[in-house]
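Asker: In case you want the letters, here they are:
There are 4 protein chains.
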Amino acid sequence: MSPPIIPSRIPLSDDLGLGIKDSPARGVNKDGTFNVRRLGLPRFRSYELYHHLITMGGFRFMALILLGYLLTNVLFAAIYLGVGMENFVRPSGNGLLDRTLDAFFFSAQTLTTVGYGHISPKSHLASAVAALESLLGLLSFAFATGLLYGRFSRPHAQIRFSQKGLVAPYKDITGFMFRFVNRRSNQLIEAEATVSLSLHDADTNTRRFMNLPLERSKISLFPTNWTVVHPIDETSPLYNLHDTDLRMAQAEFIVLVKAFDDTFSQTICQRTSYTADEILWGVRFKPMSTFGKDGRMEVDVDLLDAVEALTG
Amino acid sequence: MSPPIIPSRIPLSDDLGLGIKDSPARGVNKDGTFNVRRLGLPRFRSYELYHHLITMGGFRFMALILLGYLLTNVLFAAIYLGVGMENFVRPSGNGLLDRTLDAFFFSAQTLTTVGYGHISPKSHLASAVAALESLLGLLSFAFATGLLYGRFSRPHAQIRFSQKGLVAPYKDITGFMFRFVNRRSNQLIEAEATVSLSLHDADTNTRRFMNLPLERSKISLFPTNWTVVHPIDETSPLYNLHDTDLRMAQAEFIVLVKAFDDTFSQTICQRTSYTADEILWGVRFKPMSTFGKDGRMEVDVDLLDAVEALTG
Amino acid sequence: MSPPIIPSRIPLSDDLGLGIKDSPARGVNKDGTFNVRRLGLPRFRSYELYHHLITMGGFRFMALILLGYLLTNVLFAAIYLGVGMENFVRPSGNGLLDRTLDAFFFSAQTLTTVGYGHISPKSHLASAVAALESLLGLLSFAFATGLLYGRFSRPHAQIRFSQKGLVAPYKDITGFMFRFVNRRSNQLIEAEATVSLSLHDADTNTRRFMNLPLERSKISLFPTNWTVVHPIDETSPLYNLHDTDLRMAQAEFIVLVKAFDDTFSQTICQRTSYTADEILWGVRFKPMSTFGKDGRMEVDVDLLDAVEALTG
Amino acid sequence: MSPPIIPSRIPLSDDLGLGIKDSPARGVNKDGTFNVRRLGLPRFRSYELYHHLITMGGFRFMALILLGYLLTNVLFAAIYLGVGMENFVRPSGNGLLDRTLDAFFFSAQTLTTVGYGHISPKSHLASAVAALESLLGLLSFAFATGLLYGRFSRPHAQIRFSQKGLVAPYKDITGFMFRFVNRRSNQLIEAEATVSLSLHDADTNTRRFMNLPLERSKISLFPTNWTVVHPIDETSPLYNLHDTDLRMAQAEFIVLVKAFDDTFSQTICQRTSYTADEILWGVRFKPMSTFGKDGRMEVDVDLLDAVEALTG
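Heads up: the sequence lines are chains A, B, C and D, in that order. Each step along the first sequence adds one to the number in this note's numbering, with nothing skipped, and position 166 is 166. Each step along the second sequence adds one to the number in this note's numbering, with nothing skipped, and position 198 is 198. Each step along the third sequence adds one to the number in this note's numbering, with nothing skipped, and position 166 is 166. Each step along the fourth sequence adds one to the number in this note's numbering, with nothing skipped, and position 61 is 61.
Next comes chain A alone, as it looks inside the complex (with noise of 0.2 Å):
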């Protein structure tokens, strides 16, 4: 039976909203979502579909809106065609390609406004079809207006964590480290780190959850690459744990950041997690601030994942 390694003095902090039930899958996943499937969630609700629109990736949302646009074409040209044709003024011949193309181009023009005129309606019925259509088309567009503005104007933080934590040297001692960059251009002040262990207690096959004090837990400006460290002394959970000893109680590391985007005057968020089998052992990370010829230091977010192996 391995030994109670969440040791009685270390108090027991907030169990993260995770429940303490254990289970051998990860709590959070390595992109910070939740590892929880959620069911009986209600479904077709209006924000749910605006959520999904707001955050699906470009090229599917520009395809949706381009297949949205020929699906209501098709669906009022039928409605025309069911009107009939000859309640329209309009340029080409009857068959019934003509009849059907017209028909469609009709909704295009009546659908974005464009409205020519060389296809027009006759008759008070046509007339009144176009007329809920052109709503329509301009209800859609207000719509797809605030669905881009959504899309860009939400919070889209792009924090990279490594993909590694190490238990590496710090100062006399070792400790847990990792460290992240911000990729975008964006200037971030007031970032926050706060890192969580859980571990699986064989004695009542629960989870245990307790906050890791840090190094340093905030800083003012971050303009570059920030490694967040736990130092490993005598009053850490830590302490005196090994590789395997991580492995058999199913330690998973929760990271949570927060900083302040003063472009857009958002808070933003972003949470990662590392399970044992994501911890190295016996190496550190590589700098990746150097300074240019101009005496300006010059970082590279693409070292982030670099380490190297202990020397001595």
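Be a bit skeptical, because a hint or two may be false.
Given that identical chains are not distinguished, each listed pair holds provided it fits within a single copy or across any two copies.
[Unchecked claim] Pairs of lysine to any residue, SDA-like flavour, derived with a Cα cap of 25 Å:
1. Lys122 with Ala309
2. Lys218 with Asn29
3. Lys30 with Pro287
4. Lys293 with Arg154
5. Lys286 with Asn205
6. Lys122 with Gly84
7. Lys293 with Thr33
8. Lys293 with Thr204
9. Lys30 with Thr290
10. Lys171 with Asn205
11. Lys218 with Gly95
12. Lys30 with Asp261
13. Lys122 with Leu75
14. Lys164 with Thr290
15. Lys30 with Thr206
16. Lys171 with Pro155
17. Lys293 with Thr174
18. Lys286 with Thr206
19. Lys122 with Asn87
20. Lys164 with Asp98
What the hints contain is simulated information worked out from the structure, not anything from laboratory work. Quantities reported herein were computed from a predicted structural model and do not represent experimental measurements.
Dock chains B, C and D against chain A, hints included.
Answerer: Same frame as chain A, now just chains B, C and D:
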């Protein structure tokens, strides 16, 4: 006469702004709105109109837009008829119905700026009215764009509270508890809960308020459900009280929950309250989470209100 | 010479940024703006224009849009006349008035992109000017959309303060008090009040500032009205002072109120001040709230300024 | 060798995220941006494009829109010419120039959805291209609407700092001081200032950072100017230092100012720094405020940098 329910050792916390005069009605409604009628508020202010338009239901909003479109067209059709349809190039006959419908559809084509041109103003007066209508159309749709964006981007907290609060076993004692879930697919962090108890003081015929200490008042991440517990120990105002005591004292538990939604970088709030009638005794909450076959945690939000009898 | 009004035991709090040189004028106006003239501010910056456009009155804003529409059309009509109306297909005669009005209405139809086509450019030069005008039209209405949204979505705090502050009985002593209501139908939470007293110090001919401790400086919910009280006990700088003392010392009570509007997820602020002339003595506030027939609390915001004489 | 400039009794505060390796270059530029070159940042991300478009200068932005309009029309004109202008109803001759310009202006009339109709697609292929172009036009202007709103509504802090910091008399001692004004007409509240000193430590060839205690670090209202003072008393790291000491130690004072703009409900931030070369000795700031004839305070922001020699 009832005994002094609020022990004198409990300091009065703030009164939540609800005043201290007593009323038999609850202070906070189940949906979190204040149970207060406000008289003398100014009406017909533009910001109140905006507020109303972005918080009303989606179907009513759409119906309102459709109605507004219809009425505006009816209004301008009347003006065009007043000006005289002989001022227009138009395709239809001279009967009243034809003239009226041409005026209506010309208005629709102008308001939406589709402007096919098969109906078009011939005289300068008709042109002038149409110039005004097209400006109005553009401004209306500019307004609709803002409304649609405002509707979707405003905070849509979907925190749902359990219908009932419980007085149930907690560790070696009992506790007042309720739970809530996030019914949206977004990720909330830094959730905070505050619970206040409001009691009728028969001696002074006033209502007194106090904050209840919680087992935990803040969690870092909030992926699933959270059961908030006020431990009923010797320092609790609920110590040794029973169901009938709470009813006699017209007890009301007022709940405020805050969290940060990092998809939209917004702080969201939700409120509710539990009256003495809404407290269950002698049951406990059923668990809401299990583990799926893949070891991933599953939370079924439909189990929010599920309770089970205490055994033994 | 007046006695030292500010007892030396009262530590000087921050000076609110208003400087310490003395002036007979009030520091903060009744509507909460600073009573300071700022010289040398840059003008004609785009963000100042935007700021002005979203804070100006609704009627002036609408008049401005109408005027801008008119003037832009006059400008482009002049250009089209300069180009020559023989470059256009158009329905009217060749008199100056006909040519001018055709130019004007063609401009309007181009700016709003209604584009009926019964007036349309014949030459390439006319087409080029129209292509520019339609671009300008779209950008203007894009800008108007942003303005309308900015106008409605910006914070619209409607906290109204009582016109007068009172020195009135409070428990066994007296207190300086005022009250305020939320005049909107939205729900405010976590309201906070700060009151500073500014006094003329005749000895040094400077103005001194101090924060006044409040009976309560924060409330969790703010459904109705809140009476803010500074108890005048032995530690208060107002202790044993009278109406004439406050006037002689040119006293000004500066009030700052903050609250969180959870409909819009915005923090709102409002300020006001009370000079010695705006303090009533020997009266107290009439209650603003009663209970309706259904036991529900009713608050009449029209009673905000209602006071009644002290009896006996 | 220089003496240890940072007394050992001064605890190292956080390093502002600027690293501790030493560089002769300043850490923060005069305009508040970090003096760091970041390599390896991803380019051509949509949020970077958006960020660039809403922060670029107004003239460049307008020129870019005009250019985009021109190029899109050139592109579509080329497509229409490729399709063949015989597929269009159009008013002009058949020469290359006429055909090209008709194609160009038809494109413009489609992109802006003005759609007069005097040029209009005759064949279905031409209609199909036009249907795509009008969709593109609407989406582009939806995007432009978002950009314009984003440009105007983002925080526009206009806090201007004095060009020079001063070491000047303060009470009975001296202090390091600088001042700043709000150059906008909006009202800022709750302004906060933080000043850090960065010094080269010759012993370890590293740079050390420390926070400087301020006479006052926060003011409730910020109507005018604020002179921030770090008193140079015995506990100050600047105690007994001279101009040459600061230069030798490559001193840099890093300034961060935050405030709340209650017109837009936004927190704004601004940064600057003062190197040893930008510190003036033996002068003091001239007052910026006087009282007008009406007793109202007047602040002349043009006097921000005005200093005067110390007398006697």
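Asker: So which hints don't hold here, by number, going up?
Answerer: Those not satisfied are hints 1, 4, 11, 16, 17 and 20.
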